[in-house]
Every structure is written in C-alpha cells, then in structure tokens.
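Student: Spelled out, the chains give:
Number of protein chains: 2
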Amino acid sequence: MKIQRSVFFVSDRTGITAELLGKTLLTQFPDVEFHKHTTPFVDTVEKAEAVVAEINRVTLQEGKPPIVFSTLINDDVRAVVTSANALFLDFFADFIGRLESELGLTSSHALGLSHGMGDELAYQKRMDAVNYTLSHDDGVNTANYNRAEVILTGVSRTGKTPTCLYLAMQYGIHAANYPLTPDDFSDGMLPKPLLPHHAKLFGLTIHAERLAKIRNERKPGSRYASLENCRSELRASESLMRQAQVPILDTTTKSVEEIAISILHATGLIKQVKS
Amino acid sequence: MKIQRSVFFVSDRTGITAELLGKTLLTQFPDVEFHKHTTPFVDTVEKAEAVVAEINRVTLQEGKPPIVFSTLINDDVRAVVTSANALFLDFFADFIGRLESELGLTSSHALGLSHGMGDELAYQKRMDAVNYTLSHDDGVNTANYNRAEVILTGVSRTGKTPTCLYLAMQYGIHAANYPLTPDDFSDGMLPKPLLPHHAKLFGLTIHAERLAKIRNERKPGSRYASLENCRSELRASESLMRQAQVPILDTTTKSVEEIAISILHATGLIKQVKS
Chain Y
10 MKIQRSVFFV
20 SDRTGITAEL
30 LGKTLLTQFP
40 DVEFHKHTTP
50 FVDTVEKAEA
60 VVAEINRVTL
70 QEGKPPIVFS
80 TLINDDVRAV
90 VTSANALFLD
100 FFADFIGRLE
110 SELGLTSSHA
120 LGLSHGMGDE
130 LAYQKRMDAV
140 NYTLSHDDGV
150 NTANYNRAEV
160 ILTGVSRTGK
170 TPTCLYLAMQ
180 YGIHAANYPL
190 TPDDFSDGML
200 PKPLLPHHAK
210 LFGLTIHAER
220 LAKIRNERKP
230 GSRYASLENC
240 RSELRASESL
250 MRQAQVPILD
260 TTTKSVEEIA
270 ISILHATGLI
280 KQVKS
Chain G
10 MKIQRSVFFV
20 SDRTGITAEL
30 LGKTLLTQFP
40 DVEFHKHTTP
50 FVDTVEKAEA
60 VVAEINRVTL
70 QEGKPPIVFS
80 TLINDDVRAV
90 VTSANALFLD
100 FFADFIGRLE
110 SELGLTSSHA
120 LGLSHGMGDE
130 LAYQKRMDAV
140 NYTLSHDDGV
150 NTANYNRAEV
160 ILTGVSRTGK
170 TPTCLYLAMQ
180 YGIHAANYPL
190 TPDDFSDGML
200 PKPLLPHHAK
210 LFGLTIHAER
220 LAKIRNERKP
230 GSRYASLENC
240 RSELRASESL
250 MRQAQVPILD
260 TTTKSVEEIA
270 ISILHATGLI
280 KQVKS
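Here the protein sequences line up with chains Y and G, keeping their order.
Residue 141 in the working numbering is what sits at position 132 of the first sequence, and the numbering runs on without skipping anything.
Residue 115 in the working numbering is what sits at position 106 of the second sequence, and the numbering runs on without skipping anything.
If we strip away everything but chain Y, and leave its shape as in the complex, we get (with noise of 0.2 Å):
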C-alpha cells in the first residue's frame, strides 16, 4: 500500500493558484496517495479558525500532520492558520518579503488581484473572447475573421477547438477555427474564406493513430474514422499547409495547454499578453 497524506489548499481567493503550485509539487512524489482537501474564500479569523480545527481533526485521526499550502495574503488570517498542527508551506510570505527588499517597497496587502474580475477591462476582453470563439468554431462566421487575433486550421480532431476556447478564456485571445475537409484537398489550395487571413493562420496536425483512436470514441468503426481514411486526410492537409507556408504544429502528445502556449510563442501573439 501507498504512504497516505492529507494536503490542503487554503486560500483568501478561489484556492486555483495554490492548488496547481501544490499538485506540481506534489506530482513529484509518485510514492504517495494524497488526499486533497481545498479550502477557498478563507478571508476571515472565523473560517480560518474553522480550517485549523479541521487540520488537526485529520491530524490526530491519522496520526500524521497533513502538508498545508496556502497562498493567504492577510497576515491575521495567514498567522491563524500557521497555529494548525501541519507543514505549513506559503507560496507568498517568503518570496513577497524577498520581492520588497529588491525593490525597496512595502506591498499592498490586498486580496483578490487574481482569478477575480480585476482588472475589469481585461476581463471584459477575456468574455467577449469566449464569446467570438463560441460563434466563429468549426467554420462558421467566416464573413468576421477581420476580428480574429488567430484561426486554428486542420482536419477534424486535431484540437482547434478546445484550443481556441483556452486561448479566449485564458488570454482574451479572439480565435476563431476553420476544419479542413477532404473537399478542400482536390484543387490543391487553402479554402477561399482563409486566403485574405493568411498571416492568422495556424496548423494543427497529429499523427493518424492517435486521430483515428480519437475519432473511434466519437464514431466507432465509421470510414471517417479508419486509420486508413485518417492517414489520407492527414497527408492532405499536411501538404496543403506546407505548400500555402502556414505554420504546422502537431498535436499527438501536447495538451491543450501546450498547444496554446506553442501558438502564443511560435505567433508572437504572446506580445499582446505581455503589459
């Protein structure tokens, strides 16, 4: 049997940046099963006080003190929490202390300057992103790519719309997709709605047994999902991105993640990211 321990996320906000510092370190210890607890909107001396009773619940019924990351910005609420009996590790107090020093300021202290709506322009961008991606998917609305920041080109299956949903939602990228089909292989040139957008454009490919497994979950044991037809759209498509100097990018192993991530990088789109 695996070693067991309990971890919790605490957090003044919505807990996301302490839970994915916390579970990447935590993927480094494949040896053990740790049971995840999050604890989020912990802004008062009343609900920390409630967390630290349920720390050391679990800590007399397993005999271990659990690992506590938190990324508590109020020191009244943050000195509460400590007092549990557990390994307390704080993504902000050391590196704030040591990011004061270097620039010779005092922090603001203040709560709720991520993951909330924040800067409400930018978030603002972030819906309406979301917003042009829903309706410019698959194809559709072509007449406004003059708006989109990218369109995601490929065959069906390659990830260009979840992708292009993660760009909106996370980067407040407008990006919009257009599938390729067998019909827009035979003459050999990009299909007319993409041609006066050829600097947005981007490729996705993927290798034809990791599509065909894709789409038999989707169409089990149909002609658009036999290895033999996914190879043939992929060639297709491959040349034809190749030929028209879109940029390719293959997908098999990248989450989407990685992929919009390659975009923003290989596009320079990461610019506009940057303030």
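Keep in mind that the hints were calculated from the coordinates and are not lab data.
Note that the structure is predicted; figures quoted are calculated from it, not measured.
Please note that the accuracy of each hint is not assured.
Note that the list lumps identical chains together, so a pair holds whenever it fits in one copy or between two copies.
[To be verified] With a straight-line cut-off of 27 Å between C-alpha atoms, the simulated DSSO-like cross-links for lysine-lysine are:
1) 134 with 222
2) 209 with 134
3) 32 with 263
4) 263 with 222
5) 32 with 45
6) 32 with 11
7) 263 with 201
8) 11 with 134
9) 134 with 228
10) 263 with 228
11) 263 with 209
12) 134 with 32
13) 73 with 56
14) 263 with 56
15) 209 with 45
16) 32 with 73
17) 73 with 45
18) 134 with 45
19) 11 with 45
20) 73 with 134
21) 11 with 73
Position chain G relative to chain Y; hints supplied.
Tutor: Chain G in isolation, oriented as in the chain Y frame:
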C-alpha cells in the same frame, strides 16, 4: 513616472504556473510597471544559456537586474539560469526540499507532470467534458441531461456558458446550461426539461444594472437590454428558483473562476475541492 522593472517567467514546460503565481505576487506592487517576458519550454542547457544571455542583455540595458520567477525542475537547467544577473525566485527548489524532508522521500525531478497530458484518462475526461458542454449549451440536447453533473440556469447573460466551459476545461465536469426566458415565468414552475434533474440545478443571478450593461453591449438600445426588462426578468427568475429551492449565486462581482469555484464548493461536486 512609475518605477519600471523587467520580469522573466522561466519554465521547462508551459510557464503557466510560474506566470500565474509570479503575476499574483507582482499585483502586490501596484506602483511598479513590470515588463513581462515569458520563456516557456526551457528544457535544455542550450535554451537556458539563451535565456541567460537575454536576461543579462536586459540587465545591462536597464541598469537594474530583472526579477526571474522560475518553476524549473531540472537541476542542470536551473543551475544555468541562476547564473544570470537577476533576482532569482524559484517556486520549486525550496518547497521540494521541505517536502522531501517531511515525507522522508526523494522527489522524482520529473518534468511535464502538470499542464501536460499527464494522466491521459483525466485529460480525456476534460476534453470529453468540453465537447459535452459545447453540445449542451443554451438549452439544447436536454434529453442527455442524465450525463450532466451540473446544470446551470438563469436568465440570458448571467455567466452560464463561460462558467460551464471553465468547469469542463479545468475540472472535467460535464456542465450543461439552460436559459430561463420570459416564457418560463408564466406558470411558476421550472421548465419541464429541468424537472427530472432538480438535484443538479444551480441558479445564477446578477444585479439588474450590471445585466443591462452587459446586454447593451450585445444588443444596444434593445428592449432585451433595458434596465426595466432586466429587473423584471431577474425578479421573476429569482422568485422561480427560490420557490423551486434551486441554490442561487449572485455573479455580479464574480469572475468565471470565482463562480466556478463557488459552485464546486457549494455543490460538493468534486471531493477534492470540498473542505
């Protein structure tokens, strides 16, 4: 003029974690204008040397060392990056050491365990959920609600769609949404397709002024967007949801992330997020 300072986010993978936590820390210094550079996929000594050259170039140019946030796992790569003339803040090194001694184990130093495809089953669940959410948006495909884990309801533009997409993309939750329209308010009952799924329902509401603003951006000057109509729709929808004992969340000042976490928290939808 604000104090200027350059910042680098350096990662051997996507850089998402380094950027997220780094930016959260930087928001604590509102009087400084940070110039941000993200360098993802720094996974070889050669790439690390290129990053160091760029950091040192910026140091020379600006006469001040940049701040470097890193999530580098590989010791050789990290050794190169730390040789740059900069304030080096590493989100892994310190914490990994403390975890190793608490757990009595050596960490695996393995790359790519977050934001990659990682656990392929979990990744597949997220992609399935995104597809489900896209095909169950805005009240379509109500016959498949048995597969939904949560069904968001509320009047148009309360945040249902982006919240569903976020829940699907980040947590692999099958989230559907069903809009409440004036037609639904006449008989004082929830719409028929929702009745068999009462336990999965979660209602969203918003202040009328904010709703009118959002709707006016979409359909300026319309009756749909008028403050009077927004007030009346919200009053009727809240009364309907209260009567049907559907939990209600006010999204007026909440981001999609905060709405999603609040729903996960309130419904106990995934155990990991529960406290």
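Student: Against the structure shown, which of the earlier numbered hints fail to hold, in ascending order?
Tutor: 7 and 20
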